[in-house]
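Student: Put chain B on the given structure of chain A with help from the hints.
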Amino acid sequence: EDQVTQSPEALRLQEGESSSLNCSYTVSGLRGLFWYRQDPGKGPEFLFTLYSAGEEKEKERLKATLTKKESFLHITAPKPEDSATYLCAVRASGYQKVTFGTGTKLQVIP
Amino acid sequence: GAVVSQHPSWVICKSGTSVKIECRSLDFQATTMFWYRQFPKQSLMLMATSNEGSKATYEQGVEKDKFLINHASLTLSTLTVTSAHPEDSSFYICSARYLAANEQFFGPGTRLTVL
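Chains as they are written, first to last, in the working numbering: chain A, 1 to 110; chain B, 1 to 115.
Simulated from the structure, these hints should not be mistaken for laboratory data. Computed from a predicted model, the values in this text were never measured in an experiment. Be careful, since some hints might not be right.
Stated by the list, open to error - Partial list, computed: chain A residues near chain B (C-beta under 8 Å): (1) GLY29; (2) ARG31; (3) PHE34; (4) LYS42; (5) PHE46; (6) PHE72; (7) LEU87; (8) ARG91; (9) GLY94; (10) VAL98; (11) THR102.
Stated by the list, open to error - Residues from chain B that keep clear of chain A, each with C-beta distances beyond 12 Å, as calculated: (12) ILE12; (13) GLU63; (14) LEU74.
Stated by the list, open to error - Away from chain B, derived, C-beta distances all over 10 Å, residues of chain A: (15) SER19; (16) GLU45; (17) GLU81; (18) GLY101; (19) GLN107.
Just so it is clear, CB atoms sit at the ideal spot from N, CA and C, and this is done for glycine as well.
Okay, chain A solo, but in the shape it has when bound:
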């Protein structure tokens, strides 16, 4: 059974204080690993798809990396508007659905 574990559950940062969120996964044949951002009361917003170990993708202050067992979402010099819950998910080859982690709630304090 596919599993996704995210850590920490919650993270509080000062504005400008860089950090990383972790997503550990087990999947039988990775078709894709996804990062989403979810604001309270809204649907998740797609950020990145990673396909193979060593791959990296960037968007503004966010950079996602992938190894064979985990993915990191690096946040460089975060701003208060980066505050949200960040969700990681994996899709196994041959399957329609994805498995989501429970998310990391990020709070960036001015």
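Tutor: Quick look at chain B alone, frame taken from chain A:
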């Protein structure tokens, strides 16, 4: 691109009534759509997966007769909560994926409150 809408954004109904939620892909053809439920401070719980023109595949523990899902076109899926009760109150979110894509794109969600 890849915009998904949901209607209504919130609904309040009386116990015993049925409620229909619409999910539309606005700028792409959604060959597969998903319906999720999310409780406060919890992650997404997949309810069902539907392919256009086919019956939905429900996750274990989800009542098919209570949560009716229809995916009759490549841009529209509906979720009908039949004979709703207070325990059905939740945040319902749909997502859509086009053919050959890996990513799902989510709608804004519908807050259902059953009195």
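Student: Any of the earlier hints contradicted here, and which numbers?
Tutor: 1, 6, 9, 16 and 18
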